[in-house]
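Protein sequence lines, in the order shown, are assigned to chains A and B.
Just so you know, the numbering used here puts 176 at position 176 of the first sequence, and the rest follows in order with no gaps.
Just so you know, the numbering used here puts 282 at position 282 of the second sequence, and the rest follows in order with no gaps.
It should be emphasised that the hints constitute simulated quantities derived from the structure, not laboratory data.
Fair warning: there could be bad hints in the mix.
To be verified - Distance ranges between label pairs, derived from CB positions:
# : chain 1 : residue 1 : chain 2 : residue 2 : range
1 : B       : L88       : A       : G132      : 50 to 60 Å
2 : B       : Q176      : A       : W13       : 20 to 30 Å
3 : A       : S131      : B       : V81       : 17 to 27 Å
4 : A       : V4        : B       : G271      : 50 to 60 Å
5 : A       : R6        : B       : N237      : 33 to 43 Å
6 : B       : G271      : A       : L168      : 37 to 47 Å
Said to hold, decoys possible - Calculated Cβ distances over 12 Å to all of chain B for the following chain A residues:
#  : residue
7  : V19
8  : I68
9  : P119
10 : G227
11 : I249
As the list claims (entries may be wrong) - Below are the DSS-like pairs computed for lysine-lysine, each with C-alpha atoms no more than 30 Å apart in a straight line:
#  : chain 1 : residue 1 : chain 2 : residue 2
12 : A       : K47       : B       : K162
13 : A       : K102      : B       : K162
14 : A       : K180      : A       : K47
Glycine is no exception: its CB is placed at the ideal position from the N, C-alpha and C atoms.
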Amino acid sequence: MGVVHRAIKIVEWIGFVVVSLIFLFPFAWLVLTSMKSLGEAVVFPPKWLPSTVHWENFVQAWQSGPFITYFFNSLLVTLAILFLQLVTGVPAAYAFARYQFKGSKVLFGLTLIALMIPPQITFLPVFIQMSGWGLINTYVPLILPYAASAFGIFLLRQAFMQVPEEVLEAARLDQASEWKIMWKIMVPMARPVLVTFGLFSFIYHWNDYFWPLVMTNQDLVRTLPVGIARLKASEGGVAWNIVMAGNMILVVPILIVYLIAQRQIIKAFVYSSVK
Amino acid sequence: MIRRLLPYLYTTPALVIFLLFFIYPIFYMIYLSFTSWNLISPTKTFIGFENYKELFRSHDFLQVLSNTVLYTVFTVLISLVISLLLALWLNRKGRRYSFLQGAIFSPHIISLVSVSLLWMWMMDPQYGLLNWVFSLFGLPTLKWLADTKSAIYALILVSVWKIVGYNTLIFIAGLQSIPTEIYEAAELDQTPWWRKLTRITIPMLSPTLFFLLIINTTDSFQVFDTIQIMTQGGPVNSTNMLVFYIYQNGFDFFKIGYASAAGVVLLVLVGIVTIVHFKFLAKRVHYR
Numbered sequence: 001m002g003v004v005h006r007a008i009k010i011v012e013w014i015g016f017v018v019v020s021l022i023f024l025f026p027f028a029w030l031v032l033t034s035m036k037s038l039g040e041a042v043v044f045p046p047k048w049l050p051s052t053v054h055w056e057n058f059v060q061a062w063q064s065g066p067f068i069t070y071f072f073n074s075l076l077v078t079l080a081i082l083f084l085q086l087v088t089g090v091p092a093a094y095a096f097a098r099y100q101f102k103g104s105k106v107l108f109g110l111t112l113i114a115l116m117i118p119p120q121i122t123f124l125p126v127f128i129q130m131s132g133w134g135l136i137n138t139y140v141p142l143i144l145p146y147a148a149s150a151f152g153i154f155l156l157r158q159a160f161m162q163v164p165e166e167v168l169e170a171a172r173l174d175q176a177s178e179w180k181i182m183w184k185i186m187v188p189m190a191r192p193v194l195v196t197f198g199l200f201s202f203i204y205h206w207n208d209y210f211w212p213l214v215m216t217n218q219d220l221v222r223t224l225p226v227g228i229a230r231l232k233a234s235e236g237g238v239a240w241n242i243v244m245a246g247n248m249i250l251v252v253p254i255l256i257v258y259l260i261a262q263r264q265i266i267k268a269f270v271y272s273s274v275k
Numbered sequence: 001m002i003r004r005l006l007p008y009l010y011t012t013p014a015l016v017i018f019l020l021f022f023i024y025p026i027f028y029m030i031y032l033s034f035t036s037w038n039l040i041s042p043t044k045t046f047i048g049f050e051n052y053k054e055l056f057r058s059h060d061f062l063q064v065l066s067n068t069v070l071y072t073v074f075t076v077l078i079s080l081v082i083s084l085l086l087a088l089w090l091n092r093k094g095r096r097y098s099f100l101q102g103a104i105f106s107p108h109i110i111s112l113v114s115v116s117l118l119w120m121w122m123m124d125p126q127y128g129l130l131n132w133v134f135s136l137f138g139l140p141t142l143k144w145l146a147d148t149k150s151a152i153y154a155l156i157l158v159s160v161w162k163i164v165g166y167n168t169l170i171f172i173a174g175l176q177s178i179p180t181e182i183y184e185a186a187e188l189d190q191t192p193w194w195r196k197l198t199r200i201t202i203p204m205l206s207p208t209l210f211f212l213l214i215i216n217t218t219d220s221f222q223v224f225d226t227i228q229i230m231t232q233g234g235p236v237n238s239t240n241m242l243v244f245y246i247y248q249n250g251f252d253f254f255k256i257g258y259a260s261a262a263g264v265v266l267l268v269l270v271g272i273v274t275i276v277h278f279k280f281l282a283k284r285v286h287y288r
């Protein structure tokens with residue numbers, strides 16, 4: 001029994017190392033490549049460590065496009081979406097959770113349908129509409145279609161339904177307005193769900209490539225993922241060290257956030273899909 | 001009076017957005033699919049089902065359709081099997097296990113742009129890390145994305161790597177919701193481990209399994225970023241899939257009606273999976 005037990009232990013450790021490498025090593029490889037000279041990056045068999053760290057790769061990547069603009073656009077678009085989703089989502093979720101009104105089932109059904117329709121299906125007609133209104137290459141097509149989140153309303157509604165009725169009755173006896181009840185009582189009680197949704201939405205829109213790619217064709221309104229992806233195209237023969245240096249701009253901030261708040265982020269993603 | 005209007009006031013902003021940007025565009029796309037239009041000319045010509053006929057006569061489109069199905073089936077099945085095994089292994093307490101859970105989940109929060117560029121680099125036929133690993137084990141090196149035979153499998157590999165961690169975590173959540181008494185009872189009966197797996201764990205996990213099956217399938221149908229960045233649908237159309245095909249026909253060839261018809265086909269595919277989700281299979285899955 002002792003031998004079998006030890007053998008299992010060893011196999012488990014090997015599995016542990018192999019699986020860790022498969023998922024973590026690509027990121028390490030990204031970091032290592034970003035610091036090499038082009039000559040060092042493209043030798044075979046690969047050389048693990050750069051002989052000197054080529055910090056100028058990052059400068060070169062950054063200067064290959066208007067990255068300050070991209071960065072600002074990403075921040076603006078992501079924060080605007082988050083803010084609008086909150087402003088439209090909280091009242092809608094409150095109404096669906098706490099009021100009985102004519103047509104509520106139909107309207108909530110509409111929300112569920114919107115939840116089912118992915119942007120990858122609707123991009124062409126939305127683009128045509130936006131271009132008809134002369135709004136392509138403005139922030140409007142980047143932000144407005146996401147100004148309400150069906151998924152967020154769905155999550156928040158669940159949370160609002162769990163607040164005990166007595167809490168609301170007490171507040172109404174105190175003559176609190178519905179608006180006040182919603183923001184001062186319901187929202188604080190639903191805080192964990194709000195944080196979950198906020199993380200989820202921020203990461204999704206910060207990383208999003210598809211929608212900004214489709215809706216923009218000028219640097220003025222492009223976001224970071226679109227800008228980074230263009231590094232590869234603009235280089236002619238691909239200078240992998242520069243592309244990886246550019247890629248670091250996109251990966252490192254989010255990896256750092258992940259390392260700090262790992263438990264919370266995992267909980268957010270698991271919660272938001274299981275509930 | 002105001003109180004009766006309140007819920008309508010509260011729901012209107014969100015519903016207007018949904019109507020304008022999700023529901024109306026679907027109808028507009030269906031309408032466009034019956035027209036011939038190049039985006040620039042002022043008139044859209046109504047041509048009935050011509051776009052659909054052209055679509056299903058096109059060799060390219062049929063390949064796109066079969067690529068999409070192949071990609072989806074492989075991605076979903078491989079990632080579900082791997083993540084179920086990982087979940088059974090990692091569903092334990094301890095630093096080591098939570099470290100590994102965190103590690104395999106990390107690709108999920110990284111932008112697909114980064115993931116695509118990174119894997120493209122590792123799949124470089126001449127200097128790529130993967131070919132080095134292959135040569136280490138005495139395996140023949142591959143051309144990865146540059147070969148019509150391997151390119152789609154290379155994309156499948158990337159997407160499995162990206163989603164396995166998420167699926168594993170959801171499976172672990174599912175495993176933890178199974179009441180321990182069931183296992184304790186099986187323990188008393190001296191049930192062997194494989195029987196516990198097939199008679200208890202998998203049936204009790206079926207809602208989770210089904211949830212992941214549905215969302216992985218609809219997500220795979222919509223693959224775009226990796227294709228656009230890594231292969232542009234090539235070589236010779238071998239990795240072209242529905243969303244990229246719609247994008248190409250709309251934005252590169254300006255065949256709006258034709259692209260819309262392809263969009264309707266995608267809508268139908270996603271719709272079928274969703275309806276199956278809600279009506280048919282959901283009832284057969286074992287719920288507690």
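So, going through the hints one by one against the coordinates:
The given range of 50 to 60 Å is respected by L88 of chain B and G132 of chain A, whose C-beta atoms sit roughly 53 Å from each other. The beta-carbon spacing between Q176 of chain B and W13 of chain A, approximately 24 Å, falls within the hinted interval of 20 to 30 Å. The hinted range of 17 to 27 Å is not satisfied by S131 of chain A and V81 of chain B, whose Cβ atoms lie roughly 44 Å apart. Roughly 52 Å separates the CB atoms of V4 of chain A and G271 of chain B, a value that falls within the hinted 50 to 60 Å.
For R6 of chain A paired with N237 of chain B, a C-beta distance near 53 Å fails the hint of 33 to 43 Å. A C-beta distance of roughly 38 Å is found between G271 of chain B and L168 of chain A, which places it inside the suggested range of 37 to 47 Å. At roughly 6 Å, the least C-beta separation between V19 of chain A and chain B is not larger than 12 Å, which violates its mark as non-interface. The Cβ of I68 of chain A sits about 18 Å from the closest Cβ of chain B, beyond the 12 Å cut-off, so the non-interface label holds.
Distance check for P119 of chain A against chain B: the nearest CB is about 9 Å away, which does not clear 12 Å, and the non-interface claim fails. Taking the minimum C-beta to C-beta distance to chain B, about 9 Å, the non-interface status of G227 of chain A is violated against the 12 Å cut. Under the 12 Å C-beta cut-off, the non-interface status given to I249 of chain A relative to chain B is violated; the minimum distance is some 10 Å. For the hint linking K47 of chain A to K162 of chain B, the alpha-carbon distance of about 26 Å falls within 30 Å, and the restraint holds.
Distance restraint check for K102 of chain A and K162 of chain B: the Cα-Cα separation of roughly 44 Å exceeds the 30 Å cut-off, and the hinted pair is therefore not satisfied. Simply put, K180 of chain A and K47 of chain A have alpha-carbon atoms about 63 Å apart, too far for the 30 Å limit, and the pair is violated.
Consistency with the previously given hints fails for numbers 3, 5, 7, 9, 10, 11, 13 and 14, ordered from lowest to highest.
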